[in-house]
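Novice: Quick mapping for you: the protein sequence lines, in order, are chains A and B. Each residue of the first sequence is one higher than the one before, counting from 1 in this note's numbering. Each residue of the second sequence is one higher than the one before, counting from 1 in this note's numbering.
Quick caveat, the hints were computed from the structure, so don't treat them as lab data. For clarity, every value in this text was computed on a predicted model and none was experimentally measured. Careful, some of the hints might be misleading.
Computed spacing ranges between beta-carbons, pair by pair [said to hold, decoys possible]:
no., chain 1, residue 1, chain 2, residue 2, range
1, B, ASN143, A, TYR224, 30 to 38 Å
2, B, GLY60, A, GLY18, 35 to 43 Å
3, B, VAL140, A, PRO133, 23 to 31 Å
4, A, CYS45, B, ARG41, 34 to 42 Å
5, B, VAL140, A, ASN116, 18 to 26 Å
6, A, ASP35, B, ARG137, 44 to 52 Å
7, B, GLY27, A, GLY261, 50 to 58 Å
8, A, THR145, B, GLY59, 36 to 44 Å
9, B, GLU126, A, LEU144, 50 to 58 Å
10, A, TYR224, B, GLY27, 46 to 54 Å
11, B, GLN5, A, ASP59, 50 to 58 Å
12, B, ASN16, A, ALA191, 50 to 58 Å
13, A, VAL148, B, ARG137, 19 to 27 Å
14, A, PRO161, B, ASN143, 21 to 29 Å
All C-beta atoms in this analysis are idealised placements derived from N, C-alpha and C, irrespective of residue type, glycine included.
Residue-level listing of the chains:
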Amino acid sequence: MSDNGKPKLAMYWASSCGGCEISLLNIHEHILDVDAIFDIAFFPCIADFKVKDVVGYPDGYIDVCLFNGAIRTSENEEMARLLRQKSKVLVAFGSCAYEGCIPALSNLTTREATLNTVYLDNPTVDNPERIIPQTVSEMPEGDLTLPVFYHTVKSLDQVVPVDYTIPGCPPEPHQIWTVVEAVANGLLKGAPLPPPGSIVGAEKVAVCEECARERNVKHIERFYRPYEINPDPNICLLEQGLMCMGIATRGGCGALCPLVGMGCRGCYGPVEGVEDQGAKMITAIASVMDVGQAGLHDEQALEKKIDALLDTIVDPAGTFYRFSMAHSMLQRTRANGHGRNN
Amino acid sequence: MSENQFEPLIIGFTCNWCSYRAADLAGLSREKYPPNVRLMRLMCSGRLDPAFVLKALQGGADAVIITGCHPGECHYLEQNYKALRRYLLLRRTLKQFGIEPERVQLIWASAAEGVRFAAEVNKIVERVRALGPLNWRAVVAANGDHPVHDLAALHAEEVTA
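I would like the entire structure built from these sequences, with the hints used as guidance.
Specialist: Quick look at the structure:
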């Protein structure tokens with residue numbers, strides 16, 4: 001435990017891909033400032049620390065902990081509790097910690113189905129003995145243990161209290177630096193910190209506000225998947241029938257995806273004040289679907305036409321809740337509901 | 001009402017101009033429909049944010065009924081078309097969450113259709129009764145497994161109006 005008077009910084013990954021760490025390292029020359037300002041107390045991606053080091057720290061020893069990744073296993077939860085105890089400020093860093101992100105898409109299915117796909121029923125898997133990891137395996141040398149794989153993926157704030165949230169998959173480097181700078185000023189110069197519970201490093205309004213594409217009245221007659229059309233480079237993607245979540249997604253990224261022709265995936269989560277991103281997306285796109293004027297009074301014909309248009313939206317729940325499943329109102333699927341797809 | 005029969009809790013969103021008046025007319029004409037439906041009046045079915053439906057289901061409702069003016073008769077010209085599109089997309093999405101489409105139903109009813117309104121509500125209540133309780137919080141707490149319902153406890157929770 002070094003004591004050079006510098007504030008202590010930690011970054012940990014739970015159920016995540018590692019992209020958040022890379023995005024922190026991607027703040028270019030500012031990474032030198034991070035090193036100058038902070039003493040790294042725990043950061044498994046870039047430096048050799050052990051969990052027992054963290055266990056040995058006094059409570060609140062770490063000034064700022066950037067926690068990325070969702071809570072998928074008992075190990076993730078254990079580390080979240082440990083780091084909460086040892087940190088003055090705990091930041092949910094990135095979409096997984098904030099709202100479940102891609103790992104939480106498995107809340108649309110069951111744990112059994114997930115394990116089945118990963119270990120058994122997959123063309124690239126060779127597992128003739130059909131071995132699935134067990135929490136305890138009895139071996140001649142003794143019992144081997146693995147963390148429990150939970151049924152439901154949770155966000156960090158569903159397990160421990162969180163002080164700040166930085167959205168994004170991953171958060172954009174310029175936003176990360178803005179936040180790190182603000183925290184450093186708070187710690188070193190006593191500058192006021194944002195109110196606890198804030199979402200920092202992002203805008204309050206939608207991605208569309210940052211998007212330079214030209215917007216006109218939308219009449220969508222069908223939706224296209226990205227490979228089906230070459231979109232016009234200057235016009236709103238949603239208007240061209242490409243699923244763009246920008247309309248229901250918090251800005252702050254600079255509308256990077258739409259600007260290069262890929263509809264917004266929704267990774268910054270819902271805009272300020274909205275609880276359920278998917279519900280807002282349903283509201284928004286249903287408002288701009290156009291099934292024409294003919295047959296408007298024939299109730300059944302009308303329903304058929306709308307259904308035909310809706311057939312062009314593949315996997316609505318997975319699209320509208322791609323990043324926000326764990327934080328959505330419903331959180332997960334009902335495994336044995338009658339409407340079950342799988 | 002038998003002691004052990006499951007009484008579904010259904011939230012109904014009605015529009016001010018047609019379907020709420022249909023419900024009113026049903027009452028005035030002494031048309032009977034079960035008290036399982038709690039009606040909430042919106043100005044228009046087009047005002048219905050799908051989040052209202054999700055909130056109702058998450059908060060303990062077993063089903064949601066959305067009602068509006070017949071196509072072509074909306075007080076705000078075409079907002080009921082918007083409601084229909086949202087409803088159809090929402091139902092597809094809910095199916096992926098394991099929620100049966102029968103638990104979210106749309107009814108068109110004009111201000112003169114009190115009898116139809118009562119009949120449709122009757123049908124829906126029976127359908128939801130057959131499906132059983134939704135109890136979404138317990139579903140999430142049980143990681144998606146359908147909880148074993150204790151009907152007596154369910155009735156004990158019921159708040160009488």
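Novice: Taking the hints in turn, state whether each one holds.
Specialist: So, going through the hints one by one against the coordinates:
1. B:ASN143 - A:TYR224: 30 to 38 Å: At roughly 36 Å between Cβ atoms, TYR224 (chain A) and ASN143 (chain B) fall inside 30 to 38 Å, so the hint holds.
2. B:GLY60 - A:GLY18: 35 to 43 Å: At roughly 40 Å between Cβ atoms, GLY18 (chain A) and GLY60 (chain B) fall inside 35 to 43 Å, so the hint holds.
3. B:VAL140 - A:PRO133: 23 to 31 Å: Once the Cβ atoms are compared, 25 Å apart, the range 23 to 31 Å for PRO133 (chain A) and VAL140 (chain B) holds.
4. A:CYS45 - B:ARG41: 34 to 42 Å: violated (55 Å)
5. B:VAL140 - A:ASN116: 18 to 26 Å: holds (22 Å)
6. A:ASP35 - B:ARG137: 44 to 52 Å: holds (46 Å)
7. B:GLY27 - A:GLY261: 50 to 58 Å: holds (56 Å)
8. A:THR145 - B:GLY59: 36 to 44 Å: Because 39 Å falls inside the window, the suggested range holds.
9. B:GLU126 - A:LEU144: 50 to 58 Å: holds (54 Å)
10. A:TYR224 - B:GLY27: 46 to 54 Å: holds (49 Å)
11. B:GLN5 - A:ASP59: 50 to 58 Å: holds (54 Å)
12. B:ASN16 - A:ALA191: 50 to 58 Å: holds (51 Å)
13. A:VAL148 - B:ARG137: 19 to 27 Å: holds (22 Å)
14. A:PRO161 - B:ASN143: 21 to 29 Å: holds (23 Å)
When the structure is compared with the earlier hints, a violation turns up for hint 4 alone.
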